[in-house]
Structures are given as C-alpha cells and as structure tokens.
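J.: Sequence:
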Amino acid sequence: MVYSSRVMAAWRQPPKVSLDTSPSPHTTQPTTPTLPPLIKRRRSSSSSDDSSRSSCSSSFSSSSSDWHSESPPPRRKAGLPSFERLEDGDILYLPATPIPSSSIIRKHPNQSEFENHLVVVLGKRRYHGKYIVSFRQFTTFHGISVEEKKPERQRGFFMLCDNDESMTTKSTNPIARMALGLPLKKRSYINLSPNSLFEIEYEYLDSFHNTLRRPNAESVAFIKRAR
Numbered sequence: 001m002v003y004s005s006r007v008m009a010a011w012r013q014p015p016k017v018s019l020d021t022s023p024s025p026h027t028t029q030p031t032t033p034t035l036p037p038l039i040k041r042r043r044s045s046s047s048s049d050d051s052s053r054s055s056c057s058s059s060f061s062s063s064s065s066d067w068h069s070e071s072p073p074p075r076r077k078a079g080l081p082s083f084e085r086l087e088d089g090d091i092l093y094l095p096a097t098p099i100p101s102s103s104i105i106r107k108h109p110n111q112s113e114f115e116n117h118l119v120v121v122l123g124k125r126r127y128h129g130k131y132i133v134s135f136r137q138f139t140t141f142h143g144i145s146v147e148e149k150k151p152e153r154q155r156g157f158f159m160l161c162d163n164d165e166s167m168t169t170k171s172t173n174p175i176a177r178m179a180l181g182l183p184l185k186k187r188s189y190i191n192l193s194p195n196s197l198f199e200i201e202y203e204y205l206d207s208f209h210n211t212l213r214r215p216n217a218e219s220v221a222f223i224k225r226a227r
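The sequence shown lines up with residues 1 to 227 when you count with the working numbering.
Treat each hint with caution, since some may be false.
Below, simulated SDA-like cross-link-like pairs (lysine to any residue); rule was C-alpha separation at most 25 Å, straight line [as the list claims (entries may be wrong)]: (1) Lys224 / Met178; (2) Lys77 / Ile105; (3) Lys185 / Ile132; (4) Lys107 / Gly79; (5) Lys185 / Leu212; (6) Lys130 / Lys185; (7) Lys150 / Ser103.
Hints listed in this document are in silico derivations from the structure and should not be mistaken for laboratory results.
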C-alpha cells in the first residue's frame, strides 16, 4: 500500500491543540463543589485527631523508656491490698506454687522453703518495671517450739508473735504484738536471721485470710532493724 506524501507528513506531525480558552456559549465553567458544613467539620476533626494522636504517640514514646512506665501494676487478687496501698507490717501469704527462675527471689542465696509461708512486708520498690516487695517469713516449726527446734545460739533469730497456742518463750527478743489485739491462731515466729530477708515480685504474693492481723508499729520497727 502506498501513502501519499501529504498523508505521511500529516501523520508525522503532532495534532494541533487549540489554545482558545474562551468558554463555549453552550458550556459552563466547572465549579468546585462546596462541602456541606458537616463534612468540613469531620475533616477538620480528623486532622485534629491525627495531630492529637501523633502528640500522644510521641509523648508515650518519650515516656516508655522510663522504668516507671514499663509495665502496669499487676492485677490485684481478691483480698490482697494493691501495690500502692501495701504498707510495712502487712501480713501476706506466699503460696506453694512454682516460682519461675526469672523471679528476683531466685537470686537469693537462701533457697530453702520460702514458699507456703506467711510473710510480713518490710518495704516495696519498683525495679526495671517490676513491682518488688521485701519481706521476712513466719514459721511454725510444724507445731514445735524454737527451743526444741534450734540450738541456743540460733534462737535469737526468731521472734515469737502473739498467738492462741503458746506464748512461752526463753528468747531475749520482744514478742511481736499484733495490732488490734488479734493474735495468730498457731504459735508462730518471724525469722530474723541475716539470710532470711527476701524480695519477690508482688504478683506472686496472695492475701492472708484475715487482713486485720498485723504486728503493731513498735514490732515492725524492731523487725526492720534486724540484720
């Protein structure tokens, strides 16, 4: 097929575009649609929310490195005072449930039978995002007295508490008097030995069945001085 030189020249040239921008008498200029007020408000609110969320996010990021914000307080168990309301002298219970190797108590040199005991709270702190409670434990010596259980040189490490079973003692330590005149049911001692001051995460503690029983202020002060 043979094309004329006129056709070929027209094919090679780009199409002509009219630069006349005057409106046609039969057409109207397009107009920018006006958004209803509600939509405008929504868009404005959305941008405001985005900036607010951005500021909150930056605020959280800057504070997340602070160890106070690493984790929320553990959920409180029924009857257990919250970590914030925990006070020195509160009597809690350390259940006989397995405590993982990651717990701070596993770093203590004394790993003998600290579970399944009542404990008396002597302090609390936050450490690397964890809620830590320091305590000494109670012991009943399975129903026998400290005089029967321990040699004389070790008896001074145990402080007899008010109880309904037996108040006989030869120890020079004062008796741990219970506040509100509510003694423990069994003959119980607080272990004051140097290697029996423990720390554990709050989450592993449980409530004592009677939260009103606690040593009085003088007894708590004596226990805290023990080293």
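J.: Tell me if the straight-line CA distance from lysine 77 to isoleucine 105 falls inside 25 Å.
T.: holds, 20 Å
J.: Does isoleucine 132 sit within 25 Å of lysine 185, going by the straight-line distance between their CA atoms?
T.: violated, 28 Å
J.: Hinted pair, alpha-carbon criterion (25 Å max): lysine 130, lysine 185. Please report holds or violated.
T.: violated, 33 Å
J.: Within a Cα-Cα threshold of 25 Å, do lysine 107 and glycine 79 meet the stated pairing?
T.: Given pair lysine 107, glycine 79 is violated - Cα atoms ~29 Å apart, limit 25 Å.
J.: Within a Cα-Cα threshold of 25 Å, do lysine 224 and methionine 178 meet the stated pairing?
T.: holds, 16 Å
J.: For the pair supplied as a hint, lysine 150 and serine 103, is the alpha-carbon distance within the 25 Å limit?
T.: Violated: lysine 150 and serine 103 sit about 30 Å apart, past 25 Å.
J.: Quickly compare the C-alpha distance for lysine 185 and leucine 212 to 25 Å and report which way the hint goes.
T.: holds, 13 Å
The structure shown violates the earlier hints numbered 3, 4, 6, 7.
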